[in-house]
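*Asks:* As a plain string of letters, each chain reads:
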Amino acid sequence: MCDTCGCNVTSGNAHLVEADGKLATTGDGRAAVEVLQGLLSENDHQAAHNREHFDRHGVLAINLMSSPGSGKTALLEATLDALAGRLRVAVIEGDLETENDARRIRAKGVPAIQIATGSACHLDAHMVHLALHELDLDAVDVVFIENVGNLVCPASFDLGHHRNVTLLSVTEGDDKPAKYPVMFRAADLMLLTKTDLLEVLDDFDPHRAEHCLRALASNAPVLEVSARKGRGLDAWLGWLRHEVATHRQRVAARQTLRPAVQPDGVHLHARGEPAGHDHPHVHGHPAHGHG
Amino acid sequence: MHELSVCQGMLQQVSRIAAQHDAGRVERIVVRIGPLSGVEPDLLRNAFPLARAGTVAEEAELCIETLPVRVRCDRCGEETDARPNRLLCGACGDYHTRLVSGDELILASVQLVQAQPPARLN
Numbered sequence: 001m002c003d004t005c006g007c008n009v010t011s012g013n014a015h016l017v018e019a020d021g022k023l024a025t026t027g028d029g030r031a032a033v034e035v036l037q038g039l040l041s042e043n044d045h046q047a048a049h050n051r052e053h054f055d056r057h058g059v060l061a062i063n064l065m066s067s068p069g070s071g072k073t074a075l076l077e078a079t080l081d082a083l084a085g086r087l088r089v090a091v092i093e094g095d096l097e098t099e100n101d102a103r104r105i106r107a108k109g110v111p112a113i114q115i116a117t118g119s120a121c122h123l124d125a126h127m128v129h130l131a132l133h134e135l136d137l138d139a140v141d142v143v144f145i146e147n148v149g150n151l152v153c154p155a156s157f158d159l160g161h162h163r164n165v166t167l168l169s170v171t172e173g174d175d176k177p178a179k180y181p182v183m184f185r186a187a188d189l190m191l192l193t194k195t196d197l198l199e200v201l202d203d204f205d206p207h208r209a210e211h212c213l214r215a216l217a218s219n220a221p222v223l224e225v226s227a228r229k230g231r232g233l234d235a236w237l238g239w240l241r242h243e244v245a246t247h248r249q250r251v252a253a254r255q256t257l258r259p260a261v262q263p264d265g266v267h268l269h270a271r272g273e274p275a276g277h278d279h280p281h282v283h284g285h286p287a288h289g290h291g
Numbered sequence: 001m002h003e004l005s006v007c008q009g010m011l012q013q014v015s016r017i018a019a020q021h022d023a024g025r026v027e028r029i030v031v032r033i034g035p036l037s038g039v040e041p042d043l044l045r046n047a048f049p050l051a052r053a054g055t056v057a058e059e060a061e062l063c064i065e066t067l068p069v070r071v072r073c074d075r076c077g078e079e080t081d082a083r084p085n086r087l088l089c090g091a092c093g094d095y096h097t098r099l100v101s102g103d104e105l106i107l108a109s110v111q112l113v114q115a116q117p118p119a120r121l122n
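Listed in order, the protein sequences are those of chains C and H.
This note's numbering puts the first sequence at residues 1 to 291.
This note's numbering puts the second sequence at residues 1 to 122.
Source of the hints: derived by calculation from the structure; they are not laboratory data.
Just to be clear, a hint being listed does not mean it is correct.
[Unchecked claim] Listed next, the stretches of chain C that the computed footprint assigns to chain H, with coverage defined by at least 3 CB atoms under 8 Å from CB atoms of chain H:
| id | segment |
| --- | --- |
| 1 | 38-51 |
| 2 | 120-130 |
| 3 | 135-147 |
| 4 | 153-161 |
| 5 | 173-181 |
Note that CB positions come from ideal geometry on N, CA and C, so glycine has one too.
Take these sequences, add in the hints, and give me the full structure.
*Replies:* The structure is reproduced here in structure tokens:
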């Protein structure tokens, strides 16, 4: 306990030391100010703004995360072929360099905005916001945000999207969820990709991958797909159509949805809300101010 | 990895708070971090001296409080310790648990020093 770093501030006395509280300033001009905001509140503020953009246009935004090379772009290509225009899609591509992925998507006749992050290992809400200005959201039902291939950092940044889909290719090892718990705990859906290779890989057990996911207290569904062979796409498209339909209902009811887990637990927990799934918040949700 | 951008975001917040309170400088920043936040305390500590340069917090100390991973079981109701990659109930082993602590990434408080200390009253 001390009077300087704020560790003696509790919910019972916080009002005394917050701005303009009677203990806010000591005689020597020092002030301990309790903040209790998410450390990423700059990003979260922008993310909430992005989410309002999406919701105003009735658009569902899905964040695709995985290692590099697990088949995010191939999944999108196969998805666009299988949808055959039944849902209107736009794609935001994140990579350190090149327009390669955006070109592959545009070749399917779908608008794609490439974000070249330079050296940044993840997308953040500001980058996505800039990309949104280049998209006509009135002409779109779903925006896929293909995050930078990375199983670590992207999980910590809210982009203003509604759902996280985490891909795990069967060439990577079935214990990835145990090795990268922050990433896989954030998944609203885990897609096992490249499953056509399972017949030649004897060391990847889909059940073990799901077991590792469940050990993270996750109820997220697990689907197996092969973009190259077109296997398992029906279940994936079924999930997608269901999400689009339920999102439209949410928007009509003036509610929105944040993805499964965001690292601002204290505020959520303090209000007694579950940090779990299917957890709609009323629009403009963060009760904590942005200063 | 991304700790530098986390640090820069934090310092933007801190600078704004300092400006709101007419503070001349920031003496200490206290953050609370859980293992499931995706931010490594050591990396954040290393990024901090780079990020704080030229800000109102350039002489500030960063105080990191790490929090334990705790879960409450939906099935048996017990609250137990857990590990970041094993969030099962420590009492009954069920996976239907909710995290009650461990994913925090919180700017807890800042210690500000006013630009001009007020005159003391005698």
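*Asks:* Now tell me if each hint is right for this structure.
*Replies:* Going through the hints against the structure:
1. 38-51: Held - the segment 38-51 of chain C has 6 residues with a Cβ nearer than 8 Å to chain H, which meets the minimum of three.
2. 120-130: Satisfied; 4 residues make the cut.
3. 135-147: violated (count 0)
4. 153-161: holds (count 4)
5. 173-181: holds (count 4)
Consistency with the previously given hints fails for number 3 only.
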